[in-house]
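Chains as they are written, first to last, in full-length UniProt numbering: chain A, 1 to 429; chain B, 1 to 429.
Calculated from the structure, these hints are not laboratory results.
A couple of the hints might just be wrong.
What the hints assert, rightly or not - On the chain B side, residues computed to face chain A include the following (Cβ under 10 Å):
#	residue
1	F114
2	R116
3	P132
4	T134
5	P197
6	D228
7	P323
8	M350
9	Q356
10	L357
11	K360
12	V362
13	P376
As the structure is a prediction and not an experimental result, all values here were calculated from the model.
Backbone N, C-alpha and C define an ideal beta-carbon position, used for all residues, glycine too.
Protein chains: 2
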Amino acid sequence: MSADLNGTQKAVRSHPPAFDIRVDRVPIPKVEHPDDAIVKIRLAGLCGSDLHVFRGHEDVHEVLTCGHEFLGEVIALGESFKPGSDRRPPLYSSLKVGDTVIAPFTVSCGECHFCRIGFTCRCERNMLFGTPATPGGQAQYVRVPFAGGTLYNLSSIAKAASTMRGNINSIADTSLLLLCDNLPTGVFAAFQALSHPKFLPMSTGLPYPLSSLGASAESEALTLLPEDRALTIAVVGLGPVGMCASIALLDMLGARQLKYKVVAIEPVEARRKRMEAIFSIISKTEKGFGEYVVADIEIGKALVKEWTGGIGCNAVIEVVGNPSALTLAYDVVRPFGGIHSIGVHQEPMMPFQGRQLYDKNVSFDFGRCPVRAMLPMALDLLLRRQDIFGTVGGDGSLIEKVVSIDEAAKAYEEFNTGKCNKTIFDPWR
Amino acid sequence: MSADLNGTQKAVRSHPPAFDIRVDRVPIPKVEHPDDAIVKIRLAGLCGSDLHVFRGHEDVHEVLTCGHEFLGEVIALGESFKPGSDRRPPLYSSLKVGDTVIAPFTVSCGECHFCRIGFTCRCERNMLFGTPATPGGQAQYVRVPFAGGTLYNLSSIAKAASTMRGNINSIADTSLLLLCDNLPTGVFAAFQALSHPKFLPMSTGLPYPLSSLGASAESEALTLLPEDRALTIAVVGLGPVGMCASIALLDMLGARQLKYKVVAIEPVEARRKRMEAIFSIISKTEKGFGEYVVADIEIGKALVKEWTGGIGCNAVIEVVGNPSALTLAYDVVRPFGGIHSIGVHQEPMMPFQGRQLYDKNVSFDFGRCPVRAMLPMALDLLLRRQDIFGTVGGDGSLIEKVVSIDEAAKAYEEFNTGKCNKTIFDPWR
C-alpha cells in the first residue's frame, strides 16, 4: 500500500445514452476482494470496440469508466498474494507490488477449466473491462479482479533467462500496450487460419485426411504438386486488428516457408495507405516467399479471381464484424476454405443459406481472442518486429498518437469518424 | 467389351415433379469418353439424399436414373485405361475389366488440385450420380465418368500385402456397399470433430495454442487436470449417417484412450432403438473409456446440462441438415466448441445472430464428405466392425433389408415415411 489511495483520480467516462464522453473525477479504486490488484496506469489505449459503448450499441444505462487496454504498475494487492497463501496458481504468488503489468481486455481467473485449456476469454468468471461491473482502464488507477490470473507480468518475464525476453526492458510502453488486445487478436486470427484442418494439406504437403493424422499414417493417397501448396489468403478489414492480423499472417507464412499471395481488402483509402507503408517495411526482411497487395473491395475481388483462376482463397480472415464483410468473405473463399471471423458481430442474422455453406464446404471460426493465452506468441512477434510495433506516428506505424487523457472526448469523436487511427491516452500528461 | 451392351436394362427412375418412382427399361450405357468405365451393378443403395429428388426439392424437370451408392464389376473401359496410356495417374493404369469396384457419390477426376489435396467431392469436374447429367446406379449397369479417379478398386486393395486388407474377399457385398456414402460420411463427421483445433487441448493435454503447435513449443502455460480432458459430445440425428458417425466417433475416442460421454439425440423412437442395439454390441469390446446414451431432444438437452454443469458439449456432430438441428447444436455446444454439420442443408437461412456465434466462440464445419479420400479410413473401420456392418436385418445392423429392384417404388415410399431404414436393391433378383 505505497500510494495514497484515498483521493480521487481522472477517469474517461461514457454517459448514456451515447456520444457523451467526459473526463470525470472519481474515487481511486480500492482492493475489494483478496484476489484484487490496484494498478497505477501508465498508458491506456482507445480500441475499436470502445466505440460500441460510445455509439450506444451496448444497451448500457449507467455511467461507466471506459477502456480495456492498459499498462501500468501494481501498487496494491489483496490477501491472496501474500507469501504463504497456498492452493493458488503460481501466477498469484509471483505478482509483486512494483511489477509492470498489462491486462487482456477480459478478466480471467487462471483457475477454471477454460483458463487451464487456454480459452481464457471464456473464463467462468470472465468480465469485460469498461463495463458497469468492471470499470475500465482509461483512468489513472484501475482495480483488476482475479489479478493473479488476469495480469501478464512483464517484469517477471523480463527477468527470465531468455535473451529475447530480456529485451522487454528496452521496449517502449506504447509498443507493449499493443499486447492488451490488437496484436494478440491479430495473431489469433492468423493462427486460426493456418491451424485449420482444411488448411493443413497446403502447409504439410499431405493430402486430407493424412494431413490431420501426420506423415506416419498409411498412405494410398495422391501426391501434391508444388502448385497445390501455393496459397492465396484474404484479410477483410484494415483497422488496427486487421493490420496486426496481416503482419502476423505474413510472419507465420514466412516462418513456415510457404509460398503465398495475400490481399488485404479495405474500402478506406487512409487505412490502405498505412498498410502499404507497413508492407514496404516488412518486404525489407521477408523476401522471396510471397506477394501482398492492398486493395479496395472491387479490386480485391478481381485480384482473387485472377490469382486463383476463379476458385477463390484458401482462407479468409474477417476483421470487421458485419454481414457484408461475411458475404465478401464467402464470395472470395474457395470450396473447403476457412472463414476466420474475429470481428465483433452484433444483432444481424448470418447472411447465408445453409445450402451455400454446404455447397462450398465452408468452415468458420467465430469469437473473441483468448488474449491471456495468446500473449507469449504475440510478445514474440512484438519483440521481433519493433521496426513496425516500436514506432508512433509514422506512415508505417500502427499507433497514430499519444494524447493527454484530458483530450479523450475529442479522441473518441475523431476515432469514431475515421479522422484518426490508433490513439493512446497518457493519464498523467 | 465382354458383355452384350446393346440391349436394354432395368433402371429406377424418378419422374417429375415428385413422388413418382418407376422401374423403366432403358438402354445399357456405353463408353462415351476415353476415361469412362461401364460397371455391371451387383448392389445399389437407397440413401436419405435420394429423397431430395423423390420429394421434388431439387428443381429437376427431367426423368432421371436414381442412386449414388453402387457396387459392381467393371465390364468395359475407355481408351485411357489401355496399357501404355501415359501421363495419367496410377489409378487409371491399374483398373481392369473384372475388378470389383465401388464409387463415391460424386465423380472425381483424380487429377485436379482438389483431388490431389484430398477434397475430392469438390473436384473441378465433380458430378453427382443420380442427376440428369450423370445417371445413377440404381440400375443394372452404370457409366462412370473419370473412372480412374472416381472408382475405388476393391480387387486391387484385396490383392495388396496387408493382412487386414486381404480380408476384403470375405466381406459381404451388402457391407461393402456402405463404403459408397454412409460410412465414410460418418467417419468424416467424427474425424472433423476430433481434428478441430478447438478440440485439441482435450485430446493432446496441452492448452491452446500449444495444442496446435505440438509439445516442443515453449511453455509458460497452465497444466490441464484430468477432468479438463473428460469429453462430452453430442450427435444430432440417427439416420444411417448419424449411426455411422456415432460408431466412428466411439471407435476414434477409444483408439485415443479418451474419456467420454456421448449422447445421440434423435426424436424417432425406432431409430433410437436401433442405435441402442448397436451401442450394446459396441460395449462388448469398447470397455472402460466412456458412456453413451441415446435420447430424444428434451432428455438429450437435460443430459448435456447435467453432465457438464451447464457449460455444454465440446463438440456437436449435426447429421440432419435443417435450421432446427443447427439451433439444437448451438444450444448444447459449450464456448469454444465445434459444430460439425454434415447434414445436407437447403434454402433456409442460418438461424443465428452474428453476436450469438461471437459470444460462444463457435466454430463450424459444413459440407459434403470427400468420400474418395476418406475410403481408406472407412474401410479400416468396416473391416474391424463386421459385428455391426456385416449384418443385415437384425436390431443391431445398419441395413434393414435387400430387395429386388422391382420393388423400388414401394421402398422409396416406405423409406420416405420412416417405415423402413437402410434398404439395398439387388438389380438381378
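For each hint, the structure was consulted:
The closest approach between the C-beta of F114/B and any C-beta of chain A is roughly 7 Å, which is under the 10 Å cut-off, so the hint is satisfied. Taking 10 Å as the C-beta contact cut-off toward chain A, the hint placing R116/B at the interface holds, the least distance being around 5 Å. With a least beta-carbon distance of about 18 Å to chain A, the hint placing P132/B at the interface is violated under the 10 Å criterion. Annotation: interface hint on T134/B violated; nearest CB of chain A at approximately 17 Å, more than 10 Å.
For P197/B, the interface hint holds, the least distance from its beta-carbon to any beta-carbon of chain A being 5 Å, beneath 10 Å. Interface hint status for D228/B: upheld, as the beta-carbon distance to the closest one in chain A is roughly 5 Å, under 10 Å. Taking 10 Å as the C-beta cut-off, the interface hint given for P323/B holds, the closest approach to chain A being about 7 Å. Interface restraint check: M350/B against chain A, minimum CB-CB distance 4 Å, threshold 10 Å, status holds.
For Q356/B, the suggested interface contact is upheld, since its CB lies about 8 Å from the closest CB of chain A, less than 10 Å. The interface hint given for L357/B is met, as the beta carbon of that residue sits about 4 Å from the closest beta carbon of chain A, less than 10 Å. Given hint, K360/B at the interface with chain A, holds; its Cβ is 7 Å from that chain's nearest Cβ, closer than 10 Å. For V362/B, the shortest C-beta to C-beta distance to chain A is roughly 5 Å, which falls under 10 Å, so the interface hint holds.
Among the interface hints, the one on P376/B holds; its C-beta lies about 6 Å from the nearest C-beta in chain A, closer than the 10 Å criterion.
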